[in-house]
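Peer 1: In the order they appear, the protein sequences are chains A and B. Residue 236 in the numbering used here sits at position 57 of the first sequence; the count goes up by one each step and never skips. Residue 143 in the numbering used here sits at position 131 of the second sequence; the count goes up by one each step and never skips.
Errors might be hidden in some of the hints.
[What the hints assert, rightly or not] FRET-style restraints, in silico, Cβ to Cβ:
hint: 1; chain 1: B; residue 1: Asp45; chain 2: A; residue 2: Gln192; range: 18 to 24 angstroms
hint: 2; chain 1: B; residue 1: Ser16; chain 2: A; residue 2: Val206; range: 20 to 26 angstroms
hint: 3; chain 1: A; residue 1: Ala302; chain 2: B; residue 2: Lys53; range: 22 to 28 angstroms
hint: 4; chain 1: A; residue 1: Asp273; chain 2: B; residue 2: Phe33; range: 37 to 43 angstroms
hint: 5; chain 1: A; residue 1: Ala283; chain 2: B; residue 2: Thr20; range: 55 to 61 angstroms
hint: 6; chain 1: A; residue 1: Leu208; chain 2: B; residue 2: Lys53; range: 28 to 34 angstroms
hint: 7; chain 1: B; residue 1: Ala82; chain 2: A; residue 2: Ile197; range: 51 to 57 angstroms
hint: 8; chain 1: B; residue 1: Ile32; chain 2: A; residue 2: Ala259; range: 35 to 41 angstroms
hint: 9; chain 1: B; residue 1: Ala82; chain 2: A; residue 2: Arg306; range: 23 to 29 angstroms
hint: 10; chain 1: A; residue 1: Leu207; chain 2: B; residue 2: Ala71; range: 38 to 44 angstroms
[Said to hold, decoys possible] Now the stretches of chain A that chain B is said to cover, found in silico as 3 or more residues with beta-carbon under 8 angstroms:
hint: 11; stretch: 202-212
hint: 12; stretch: 220-226
hint: 13; stretch: 306-318
[Claimed, not checked] Examples of chain B residues toward chain A, derived with CB under 10 angstroms:
hint: 14; residue: Val28
hint: 15; residue: Pro44
hint: 16; residue: Lys109
hint: 17; residue: Val130
These are calculated hints, taken from the structure and not from any lab test. Cβ coordinates follow ideal geometry from the N, Cα and C atoms, glycine included.
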Amino acid sequence: MDFNRGDSGSNLQSEINITPLVDVVLVLLIIFMVVVPLLMQGYDVDIPKTSSNAKPAQAEESRLILIISPATCGILKPPAGEGLPTDCRVTLGDQKIAATELPARVAEILGSRPAEKRVLFLAADDRLNYEGVLRILDLAKSGVEDLKVEFITSY
Amino acid sequence: MQASINVTPLVDVVLVLLIIFMVMAPQMRKGPDVRLPKTEKPSQQGDERGRILVSIDEAGGLWVNDKKVAAEQFGDALRAAVAAESSPKVVIRGDAKLNFRQVREAMQAVEQAGFRGVGLIAKGRNAEARGE
Chain A
180 MDFNRGDSGS NLQSEINITP LVDVVLVLLI IFMVVVPLLM QGYDVDIPKT SSNAKPAQAE
240 ESRLILIISP ATCGILKPPA GEGLPTDCRV TLGDQKIAAT ELPARVAEIL GSRPAEKRVL
300 FLAADDRLNY EGVLRILDLA KSGVEDLKVE FITSY
Chain B
13 MQASINVTPL VDVVLVLLII FMVMAPQMRK GPDVRLPKTE KPSQQGDERG RILVSIDEAG
73 GLWVNDKKVA AEQFGDALRA AVAAESSPKV VIRGDAKLNF RQVREAMQAV EQAGFRGVGL
133 IAKGRNAEAR GE
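Produce the complete structure using the sequences and hints provided.
Peer 2: Set out below in structure tokens:
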């Protein structure tokens, strides 16, 4: 590709420098490769050890337990549309509250604790719909930063 | 003599590559089609490296990464998948129609394979607005 032969004095370069273009394309490719796996969203939860010698994460009395039962919140089928049924009530600690109050109540109880002690224990009935349980979990997590959630699987 | 290269075919090729990526990206996920639960604001689940994908389809069938496994072999399949990763994290993609029991059983199987934490994958409202 020696276009400038015969005129060796002037260094006329007739080819486009495609390096910046290749740079841009490679960066775009890398952005895509990095972003695509990140698109997954969800909730981190802990599962308690089933072995009996595991120590409880917290002293019994300071645990905050959220109980979702089909008797007070009948989400046995996927909830229609957004959010939860308006009559959905859950048990937080020893009080029955409306699910919509969850962010405020969880923030009230756990907000003042140090971050590593912000643990919510979640006991959900087996018959409940998974999507409904996740929506309640979403509500509970929305009130406080860095809330850890632990499922109680044998209650 | 025309001194400038005609870049139009190059740009064509690049744009086509970009479109191919944009179309393929949502389908590059491993595992079965799962209608994820829709919630308000799930948090990001970190990157793909070391992620072990456990999917539970509408009928309750269990998948580890892109293979369907029988319930009694689930623990073995999970341990095999764990052995292939250096810093594994388990995420569960459960269908929105499932009962909590089916997800809980999967979580307990994951716990028996030696994990304390899992990620429960949901679809945020923003992701839905983007058409994913």
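Peer 1: The structure should be examined with respect to each hint, and the outcome stated for every one.
Peer 2: We went through each hint and held it up to the structure:
Separated by about 53 angstroms at the C-beta atoms, B:Asp45 and A:Gln192 break the suggested range of 18 to 24 angstroms. For the pair B:Ser16 and A:Val206, the beta carbons lie near 24 angstroms from each other, so the given range of 20 to 26 angstroms is met. At roughly 23 angstroms, the beta-carbon separation of A:Ala302 and B:Lys53 lies within the given 22 to 28 angstroms, and the hint holds. The supplied range of 37 to 43 angstroms is broken by A:Asp273 and B:Phe33, whose beta-carbon atoms lie about 53 angstroms from each other.
Checked against the hint of 55 to 61 angstroms, the C-beta distance between A:Ala283 and B:Thr20 comes to roughly 59 angstroms, which is consistent with it. Range check, A:Leu208 to B:Lys53: Cβ separation about 30 angstroms, and the 28 to 34 angstroms hint holds. B:Ala82 and A:Ile197 have their C-beta atoms about 54 angstroms apart, which keeps the hinted 51 to 57 angstroms range intact. The hinted range of 35 to 41 angstroms is satisfied by B:Ile32 and A:Ala259, whose Cβ atoms lie roughly 37 angstroms apart.
Distance hint for B:Ala82 and A:Arg306: a CB-CB separation of about 24 angstroms, consistent with the stated range 23 to 29 angstroms. In this structure the hint that A:Leu207 and B:Ala71 lie 38 to 44 angstroms apart at CB holds, the actual value being about 40 angstroms. For the stretch 202-212 of chain A, the proposed coverage by chain B is satisfied: 4 residues have a C-beta within less than 8 angstroms of a C-beta in that chain, meeting the threshold of three. For the stretch 220-226 of chain A, the stated coverage by chain B holds: 7 residues have a C-beta nearer than 8 angstroms to a C-beta of that chain, and at least 3 were required.
Three residues within the 8 angstroms Cβ limit are the bar, and the stretch 306-318 of chain A against chain B gives 11, so the coverage statement holds. A hinted interface residue such as B:Val28 counts as satisfied when its beta carbon comes closer than 10 angstroms to some beta carbon of chain A; here the least separation is about 12 angstroms, so the hint is violated. Evaluation of the B:Pro44 hint against chain A yields a violated restraint, the C-beta minimum of about 15 angstroms exceeding 10 angstroms. A distance limit of 10 angstroms between C-beta atoms decides the matter here; for B:Lys109 the minimum to chain A is near 6 angstroms, and the interface restraint holds.
Annotation: interface hint on B:Val130 holds; nearest CB of chain A at approximately 6 angstroms, less than 10 angstroms.
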